[in-house]
Structures are given as structure tokens and as C-alpha cells.
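Below, each chain spelled out in residue letters.
There are 2 protein chains.
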Amino acid sequence: MKYYLVILFCYMQNVQCNYTFETKYADIVIDHFSYTRNDTFKLKYLINETFWSDGNPVFFYTGNEGDIELFAQNTGFIMELARKFSALVVYCEHRYYGSSLPFGNLSYTNPKYLGYLSSEQALLDFVDVIDILQKSKYGSDGPLPVIAFGGSYGGMLSAWMRIKYPASVLGAIAASAPIWQFTNLTPCGIFNLITTLVYASTPKTFDCSVPIKNLWPAIRRVTKTSEGMAWLSSTWKLCDNITKPADVDKLIDDVIDAIVNVAMMNYPYPTNFVAELPAYPVSAICSNLKDYKTYLKDDKKLITSFVKAFDIYTNYSGNANCNSFSGTPSLGDTGWDFQSCTEMVMPMCSEENDMFETAPWDIQAVSEQCLKDFGVKPRNPSEVILQYGGKNLKYASNIVFSNGLLDPWSGGGVLSNITRTVTAIVIPEGAHHLDLRGSNPADPPSVIRARKFHADSIRGWLQDFYN
Amino acid sequence: MKYYLVILFCYMQNVQCNYTFETKYADIVIDHFSYTRNDTFKLKYLINETFWSDGNPVFFYTGNEGDIELFAQNTGFIMELARKFSALVVYCEHRYYGSSLPFGNLSYTNPKYLGYLSSEQALLDFVDVIDILQKSKYGSDGPLPVIAFGGSYGGMLSAWMRIKYPASVLGAIAASAPIWQFTNLTPCGIFNLITTLVYASTPKTFDCSVPIKNLWPAIRRVTKTSEGMAWLSSTWKLCDNITKPADVDKLIDDVIDAIVNVAMMNYPYPTNFVAELPAYPVSAICSNLKDYKTYLKDDKKLITSFVKAFDIYTNYSGNANCNSFSGTPSLGDTGWDFQSCTEMVMPMCSEENDMFETAPWDIQAVSEQCLKDFGVKPRNPSEVILQYGGKNLKYASNIVFSNGLLDPWSGGGVLSNITRTVTAIVIPEGAHHLDLRGSNPADPPSVIRARKFHADSIRGWLQDFYN
Chain G
0 MKYYLVILFC
10 YMQNVQCNYT
20 FETKYADIVI
30 DHFSYTRNDT
40 FKLKYLINET
50 FWSDGNPVFF
60 YTGNEGDIEL
70 FAQNTGFIME
80 LARKFSALVV
90 YCEHRYYGSS
100 LPFGNLSYTN
110 PKYLGYLSSE
120 QALLDFVDVI
130 DILQKSKYGS
140 DGPLPVIAFG
150 GSYGGMLSAW
160 MRIKYPASVL
170 GAIAASAPIW
180 QFTNLTPCGI
190 FNLITTLVYA
200 STPKTFDCSV
210 PIKNLWPAIR
220 RVTKTSEGMA
230 WLSSTWKLCD
240 NITKPADVDK
250 LIDDVIDAIV
260 NVAMMNYPYP
270 TNFVAELPAY
280 PVSAICSNLK
290 DYKTYLKDDK
300 KLITSFVKAF
310 DIYTNYSGNA
320 NCNSFSGTPS
330 LGDTGWDFQS
340 CTEMVMPMCS
350 EENDMFETAP
360 WDIQAVSEQC
370 LKDFGVKPRN
380 PSEVILQYGG
390 KNLKYASNIV
400 FSNGLLDPWS
410 GGGVLSNITR
420 TVTAIVIPEG
430 AHHLDLRGSN
440 PADPPSVIRA
450 RKFHADSIRG
460 WLQDFYN
Chain P
0 MKYYLVILFC
10 YMQNVQCNYT
20 FETKYADIVI
30 DHFSYTRNDT
40 FKLKYLINET
50 FWSDGNPVFF
60 YTGNEGDIEL
70 FAQNTGFIME
80 LARKFSALVV
90 YCEHRYYGSS
100 LPFGNLSYTN
110 PKYLGYLSSE
120 QALLDFVDVI
130 DILQKSKYGS
140 DGPLPVIAFG
150 GSYGGMLSAW
160 MRIKYPASVL
170 GAIAASAPIW
180 QFTNLTPCGI
190 FNLITTLVYA
200 STPKTFDCSV
210 PIKNLWPAIR
220 RVTKTSEGMA
230 WLSSTWKLCD
240 NITKPADVDK
250 LIDDVIDAIV
260 NVAMMNYPYP
270 TNFVAELPAY
280 PVSAICSNLK
290 DYKTYLKDDK
300 KLITSFVKAF
310 DIYTNYSGNA
320 NCNSFSGTPS
330 LGDTGWDFQS
340 CTEMVMPMCS
350 EENDMFETAP
360 WDIQAVSEQC
370 LKDFGVKPRN
380 PSEVILQYGG
390 KNLKYASNIV
400 FSNGLLDPWS
410 GGGVLSNITR
420 TVTAIVIPEG
430 AHHLDLRGSN
440 PADPPSVIRA
450 RKFHADSIRG
460 WLQDFYN
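Heads up: the sequence lines are chains G and P, in that order.
Count the first sequence with numbering that gives the first Met the number 0 and you get residues 0 to 466, in order.
Count the second sequence with numbering that gives the first Met the number 0 and you get residues 0 to 466, in order.
FYI, nobody ran anything at the bench for these hints, they're computed from the structure.
Hints are not guaranteed to be accurate.
Copies of the same chain are indistinguishable here, so a pair counts whether it falls within one copy or spans any two.
[Stated by the list, open to error] In the DSSO-like style, the derived pairs of lysine-lysine whose C-alpha atoms are separated by at most 27 Å in a straight line are:
#, residue 1, residue 2
1, LYS111, LYS376
2, LYS289, LYS111
3, LYS136, LYS390
4, LYS136, LYS223
5, LYS111, LYS41
6, LYS223, LYS203
7, LYS393, LYS134
8, LYS134, LYS376
9, LYS292, LYS23
10, LYS223, LYS292
11, LYS134, LYS390
12, LYS83, LYS136
13, LYS203, LYS23
Given these sequences and hints, build the entire structure.
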């Protein structure tokens with residue numbers, strides 16, 4: 000009841016609730032699949048038993064590339080659902096992220112340490128933690144049904160949990176999980192195309208992708224000279240001054256990341272997930288660009304309008320002395336870069352029909368960069384498809400794939416039903432896994448429907464289980 | 000047609016046919032699941048395209064613990080079925096056996112080399128070879144349906160292939176696959192109990208388990224003195240003389256292995272799979288023991304009767320100068336011992352109701368021996384259950400589990416249907432994966448039925464595939 004009031008309070012206040020969790024650590028073997036070593040590490044997981052009563056399910060969040068707390072605080076839907084289902088809620092961190100570092104400070108120093116970072120190892124970490132829960136006081140009356148939840152990469156993991164370990168998890172809610180964003184499964188340009196469409200269609204009165212498409216050549220022209228670089232650094236109050244062409248490339252990459260992040264986080268209320276953002280941040284940014292036609296040919300004026308537009312991303316609080324595009328430090332970018340260099344090789348390209356600089360997918364260049372950065376390179380782009388089955392999901396069961404159609408990642412997602420129990424639900428007005436967030440008065444009807452679909456699916460799986 | 004005649008010839012001659020295969024090697028990564036190393040090794044596979052025509056299925060044998068040729072020459076059923084289905088036949092060796100040694104001569108010297116011997120790694124080896132086949136000339140008209148076959152550990156692997164990689168194999172025929180011979184899934188004594196029942200019930204006129212149960216104390220009593228040890232060594236013409244108590248233990252272990260092997264290979268015609276054996280070798284051995292009641296209390300007479308009885312196992316050809324209980328060198332016993340020390344931990348015990356010396360299952364003692372032998376010990380007896388789902392096979396599909404009820408391993412097998420497509424067929428008169436052997440006039444009706452069941456199951460899976 001206390002929690003109910005807290006939730007109601009959060010709801011009325013239009014903010015995400017801060018749920019409290021007990022922090023635990025499991026001893027997990029570093030290498031599940033071979034026997035060249037036998038040592039273990041401490042894997043962190045969070046547990047909340049507020050709503051739980053004997054024999055009821057476990058809602059298990061399969062953590063992704065970051066501190067597990069970040070996901071626990073941005074996935075209020077699970078707590079709300081736990082109340083309805085009297086469920087135990089567990090958020091399990093992903094190895095090599097947050098504080099679950101198998102080799103402590105050495106974890107990221109060398110492939111001989113970092114090499115155990117893989118999705119297959121992570122899945123068995125989750126299987127082991129579920130086994131620990133089943134053998135604990137919670138499972139003392141017999142095995143509990145476990146439902147996996149995850150968003151984004153975490154959603155891929157929750158789907159793969161059910162595909163690979165159906166004896167461990169009864170079903171999976173895989174939100175915004177681009178499990179098909181791999182070689183030969185999805186065209187490489189779709190991600191940037193969706194991002195473009197979001198910016199093109201969000202403002203009611205103009206196509207915001209036009210000024211963005213014109214930004215890149217403007218930056219290139221202005222920064223041809225050192226004076227231009229100095230002007231840009233000073234005008235944008237950049238924390239890291241631009242002094243050479245590589246800095247220009249880096250700035251453009253950062254701005255692209257910001258544009259993509261804003262599309263992913265285009266939630267109908269203010270959030271602080273990947274960055275501090277206002278409600279509908281795409282509209283907020285674009286509102287500063289609506290007069291772009293009057294200065295489209297004036298590079299410096301165009302750039303200046305973006306400086307103002309991006310204030311909400313780089314300096315939302317208004318307190319920063321300089322502008323930086325670095326995202327939340329809770330996300331483990333280096334770890335994800337390594338995963339992208341080994342099995343999570345997701346082809347991405349920009350083509351004529353999108354608003355970015357044209358860039359083909361160049362696996363050769365990616366491989367060379369990976370070798371330079373980490374001493375590894377992608378072995379075989381089919382690896383992840385062979386491992387998890389690619390588009391052949393006919394023999395899986397009890398998975399819901401949800402996707403917001405405003406989410407760039409939806410292009411690599413499962414958008415239509417595969418079988419009677421491997422189903423898809425789309426949220427036309429949704430950004431990146433909006434459905435996993437707690438209820439909010441600003442929620443569009445489609446996300447409310449999606450959450451109901453999740454609850455109904457889980458109810459059906461549980462009925463099968465208890466019969 | 001030529002092949003048809005060859006098969007007919009084999010059939011009439013009452014022998015297994017010698018099929019010929021092309022030998023190939025695939026470059027396979029040593030560690031599929033981590034990225035601490037990136038090197039590859041040569042995995043051997045055999046291929047026979049005699050019956051194959053475009054678009055027809057691949058019959059893929061998932062090799063077990065030995066030279067792949069041994070299995071290819073003792074699994075004639077697959078070739079006979081290939082003729083009916085116009086199938087391509089592939090026998091794939093299991094890493095660390097035969098000539099598929101990832102580190103050549105070093106492979107068995109140290110856990111740092113031997114540690115990559117695991118079923119999970121082996122399954123992905125098979126997935127990779129199937130991928131190579133699909134991308135070769137055979138798959139040029141689109142993906143081919145692949146049916147996995149295997150017997151014993153190979154049968155476990157073929158079932159697990161379908162469970163874990165349903166996008167790679169359409170279905171699996173898992174013959175005599177004791178996938179439940181693991182901790183808490185099957186009582187540890189059932190294996191020895193079935194062996195006992197086979198010896199008790201096979202001879203029509205007497206219970207042959209009685210003299211066997213009396214053999215062990217007789218050997219113990221006789222070998223209490225050095226004279227007794229010398230007498231036993233000389234009477235049994237042992238290649239390795241018995242001079243100390245540990246030698247006695249070793250002899251008893253060897254005789255138990257022989258008794259078990261003979262039960263497993265209790266085929267209705269002469270075979271040379273694990274050893275050179277006559278038809279119905281259990282009866283052949285027991286026929287020498289039928290008068291046991293007249294000398295049951297005379298230790299030396301009892302032992303002497305076993306010496307004669309075991310002649311068919313230790314010296315079937317009659318040409319050996321001394322008797323040895325070593326099995327076929329084509330089986331990789333050391334590799335299997337390592338696997339039994341890591342994930343394939345199969346609890347075995349002897350109890351009052353069987354014909355062996357009472358011996359509890361002692362995981363502690365096993366662990367210590369493993370540490371001594373290999374520098375590793377079983378991590379967690381649940382590991383293999385968590386990996387493959389244990390008894391929870393409800394969500395798998397397209398697997399036939401076949402078991403001969405005269406096979407000691409049937410105790411750990413799947414003996415009844417799990418779902419509509421995960422089915423079981425028992426062969427009351429069958430020994431260890433008799434159904435995978437080529438047709439023989441001496442085949443009991445139940446094995447003919449089982450083979451028909453396999454063919455019908457495959458036909459159904461293929462119909463689904465082609466629709």
C-alpha cells in the first residue's frame with residue numbers, strides 16, 4: 000500500500016520513481032564454456048521484494064551495457080507490473096559493466112582480460128543468478144516462473160534468454176531489441192533513415208531534417224581554416240577546442256550521436272536517462288531551427304542556430320561553463336565498442352536519402368579500427384546469427400517484441416508476429432523502449448496498449464505454467 | 000544402383016558395409032564464446048554424396064568421443080536412409096578426438112590446452128560446419144534442411160543441437176542418448192541395475208547375474224596372498240601381471256567395463272564396434288557359466304569359468320598371446336574422462352540390488368581424482384542441466400529419442416513422449432543404439448519399427464520445411 004502511494008505520487012508528479020533495491024553479489028565463473036580457468040567474479044544484482052508473495056513470479060531484468068542502477072531507475076513499468084503480479088523484481092548487471100568487473104581495474108586493459116565479455120557468457124551469468132534465486136528462500140516451495148525483461152541490448156538478451164534457456168525463463172518481454180540489426184538481416188541504412196524521418200516529421204510546420212542535412216557541409220567549410228576552427232570552438236563554447244581535421248570529424252560524430260540519442264529519448268516528458276532532456280526533445284531542438292530557410296546558405300548563421308538548439312542536450316541545466324557531447328558516464332561505451340568489434344557487429348551506413356553525410360558500411364575499416372582499439376576484430380559477421388538463429392524464430396516461444404516506430408532501432412527489430420507465442424507489438428508514437436518506463440500522464444495511448452499487451456502475455460504464460 | 004547392390008550384398012553377408020567417404024577439414028575457431036584468442040584448428044568431417052540430389056536434405060552425424068570413422072562405419076542406417084531421401088551424408092568429428100586436435104600433440108598435456116574440450120564448443124563446431132555446407136555448392140539453391148543424427152554421447156549432442164540451434168538443424172534423431180544421466184535427474188544405481196537385469200534375464204535357463212555377483216568376493220579372497228595373485232595372473236594369462244592390491248582393483252574395474260560393454264553391444268549378430276564380439280555376446284559369455292551352482296563356493300573354479308567365458312571378449316580371434324581388457328583404441332577414453340571431470344558428471348553407484356560390489360556415488364572422491372588426473376574438478380553438477388534444460392524439454396521440438404531397453408544407458412534416457420514433436424521410441428530387444436546400425440536379417444522387429452519411426456518423423460519435419 001505504501002508503494003502504491005509512492006507510485007501514485009510519482010505518477011502525479013510526472014517523474015520516474017526512485018525505487019529502492021537491496022544490492023547483492025553472486026559468485027560467477029568467468030568462463031562458462033571452457034575449462035582453461037576456474038576462477039569467479041562478483042556479479043551485482045538488485046532485488047526488491049516489496050510486492051512479492053510466495054510462489055509468485057520473478058521479474059528478471061537482463062542488464063545491458065551500463066550500471067544496473069541506471070536501468071532499474073528507468074524501467075518503472077516492471078515495478079508497476081510487480082505490484083499486480085505480486086512479483087519479486089531482480090535487476091541483474093551485465094558482466095564488464097557497472098561494478099561487475101571480472102578482473103577489477105585490469106578488466107579493460109587487454110583482450111586476455113576483456114575477451115570474456117560476450118553475450119553468451121552474460122546469458123549464463125543470468126542463468127546462474129536465476130538458479131541461485133530458485134535455490135534461495137524464494138524458491139523454497141518449488142521452482143518459480145521467471146519472466147525476463149530487457150530494453151535495447153538488454154531486450155536482445157531477454158529474447159535470447161528465452162530462445163537459449165527456456166528452462167530458466169518462462170517468457171521474455173524484449174523492448175526495442177534490434178535482434179536483426181546484423182549482416183544481411185537488415186539494410187545498413189535503415190537506422191539513419193528512421194532517424195531522418197523522425198526529424199522530418201516531428202515538427203508540424205517544417206522538415207527539420209533539411210537544416211540538419213545542411214549542417215555537416217557548413218561545418219566542413221567553416222573549419223577549413225584555423226580561424227574557422229577557432230570561431231567554431233568559441234561560438235559553440237566547446238570544452239575541447241577544435242584545432243585539427245580529426246577534431247572536426249570527432250565533433251560531427253558527437254553531434255550525430257546527440258541527434259540519434261535525442262530521437263531515441265524522444266519521450267513525452269522530461270527524462271534523464273542518457274542525458275538530461277526536456278519533454279519531446281526532438282521538437283525542442285527543432286523549434287530553434289524553424290527559420291532555417293532564412294540562413295541556410297550562411298554557414299556561420301546555420302551553425303550558430305544549432306549551438307542554441309543543442310543547448311538542451313549539452314547544457315540542459317544551464318550551469319555548464321562549456322559544452323560537451325559526452326553522454327551519461329553510467330553507460331559503458333568502451334565495453335560496447337568492444338562488443339561491436341567482436342560479435343555485436345551491426346552494419347550501419349548513411350545513404351543519399353538520409354540527412355547524414357554519406358558513409359558506406361565498410362567492414363574492412365571497422366576491422367582495422369577494432370584491431371587498433373582492442374587488439375581484436377570481428378571474426379565472422381554470421382557468428383551472432385548462427386548463435387541465435389537470425390530470422391528463423393519459428394521454434395521459439397513466449398516472447399513479446401515491442402518497438403516504438405519513432406525509434407531508430409526499430410528498423411532492426413521484430414515488427415510482426417512470428418508465431419502464436421512469439422509476437423510483436425508496435426507503438427507508433429513510441430521512442431526507445433518507452434513501454435518499459437513507468438506510467439506517466441503524458442503517455443500516448445499506444446504505449447498504454449503495449450503495456451497491457453505485455454501484462455496479458457505474461458498472464459497467459461503464467462497460466463500455462465501453473466496448469 | 001551400384002550402392003543398392005553393395006547394401007544388398009552387406010545385408011546378405013550379415014556384415015556392416017564399408018562405406019567410402021571423402022575426408023575434409025574445416026577451419027574452426029578454438030574458442031567460440033570468448034575473445035581472448037582468435038586462432039583456429041582443423042576439424043575433420045566425412046562426406047558422401049552418392050545418393051544426394053539438389054535441394055534434398057543433409058544427414059549430419061554429430062560425432063562423439065572417438066575417431067569419426069568408427070562411427071561412420073557403425074551407423075549404416077543413415078546411409079540406407081540417405082538412399083531413400085536422396086540425402087547428403089556428413090559425419091563430423093568431435094573436437095579433441097580422432098585427428099581433430101586443436102593443439103596437435105599438446106592438446107592433452109595441460110588444462111590450458113585441454114580446457115576447450117566441452118560440449119558447447121563442439122555444438123558450435125557442428126553449427127559452423129553446417130554453415131560451410133550451406134554456403135557450398137550443396138546449398139547453392141537455398142538453405143538445405145539438415146537432420147542431426149547421433150548415438151550415445153553423439154545422440155545427446157544431436158538432441159542438444161536441435162534444442163540450442165534449431166535454425167541450424169531441422170530435427171534430431173538421438174539414439175541411446177542418456178541426456179538425463181545427471182545429478183538429481185536419474186537415480187545413480189539404475190545403470191548397474193539394468194546391466195544386472197540384462198544378465199539375469201538373457202539366459203533362458205538360469206540367472207547369470209548370480210555367478211557374476213560372486214566373482215568379486217572370489218577374486219578378493221584369492222588375491223589376498225602373492226601366490227593367489229600369481230595364480231590369477233597365470234590362469235587368466237593376463238598381459239599385465241597382478242602384483243599388488245591396486246592391480247586387483249584395476250582388474251575388477253576392467254572386468255566390470257567388459258561386462259557393461261558386452262551388455263551395450265549385445266547385438267543379434269557379430270560386431271566389432273567397441274570390441275570384436277560374437278552375436279548376442281551376453282548369452283555367449285553366460286553359456287560358459289551355466290553350471291555355476293556346482294562350483295559357486297570354489298573361488299578358483301569360479302574364476303576359471305570366467306576366464307573361459309571372457310575369452311570371447313579378451314581374445315575373440317584366438318590369436319592373442321595374453322588377455323587384455325583394453326577396448327578399441329579408436330575411442331578417446333582420456334578425452335571422455337576429462338569431460339566426465341568437467342561437465343559430463345554422471346553419477347553412478349552400485350547398490351545391494353545389483354550384481355556389482357557396492358559402491359556409493361562419491362562426488363568428493365571423483366573431484367579429487369579429477370584434480371589429480373587433469374588439474375580440474377567438476378564445478379557445479381547442475382551446470383549441464385542449466386545449460387540444456389534438464390527435464391524441461393517442453394519447449395523443444397522435432398527430436399526423436401530412441402532407447403533399447405537392454406541398454407544400461409536407457410536408464411538415463413527419454414523413454415516417453417514429451418510433446419507432439421519431442422517423442423520417444425523404445426526398442427525392447429535393443430542394445431546400445433542398435434537402430435543406427437545397418438539393416439541385418441537378425442534384426443528384431445522392434446528395431447525395424449524404430450527405424451521406420453525415424454524415417455516417418457524425418458519425413459514429417461521435411462514436409463513442414465518444404466511447405
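State whether the alpha carbon distance between LYS111 and LYS376 is at most 27 Å within one copy, between copies, both, or neither. Classified as both; 14 Å inside a copy, 23 Å across copies.
Within, between, both or neither, where LYS393 and LYS134 count as close if Cα-Cα is 27 Å or less: between (32 Å within a copy, 22 Å between copies)
Between LYS223 and LYS292, at a C-alpha cutoff of 27 Å, which is it: within one copy, between copies, both, or neither? Intra 24 Å, inter 105 Å, cutoff 27 Å: intra-copy only.
Using 27 Å as the alpha-carbon threshold, which applies to LYS134 and LYS390: within, between, both, or neither? For LYS134 and LYS390, only the inter-copy Cα distance (17 Å) is at most 27 Å; the intra-copy one is 35 Å.
Pop the pair LYS134 and LYS376 into one bin, within, between, both or neither, using alpha-carbon distances up to 27 Å. between (40 Å within a copy, 22 Å between copies)
Within, between, both or neither: LYS203, LYS23 at alpha-carbon 27 Å: neither (48 Å within a copy, 63 Å between copies)
27 Å Cα cut-off: does LYS223 pair with LYS203 within a copy, between copies, both or neither? neither (35 Å within a copy, 99 Å between copies)
Alpha-carbon proximity context of LYS136 and LYS390, limit 27 Å: between (39 Å within a copy, 23 Å between copies)
LYS136 and LYS223: within-copy, between-copy, both or neither at 27 Å Cα: neither (66 Å within a copy, 53 Å between copies)
Can you give me the call for LYS289 and LYS111, within, between, both or neither, at a CA distance of at most 27 Å? neither (51 Å within a copy, 63 Å between copies)
Cα distance capped at 27 Å. Does LYS111 pair with LYS41 within a copy, between copies, both, or neither? both (18 Å within a copy, 23 Å between copies)
Can you tell me if LYS83 and LYS136 fall within 27 Å by alpha carbon in one copy, between copies, both or neither? within (22 Å within a copy, 55 Å between copies)
Comparing the model with each numbered hint stated earlier shows that hints 2, 4, 6, 9 and 13 do not hold.
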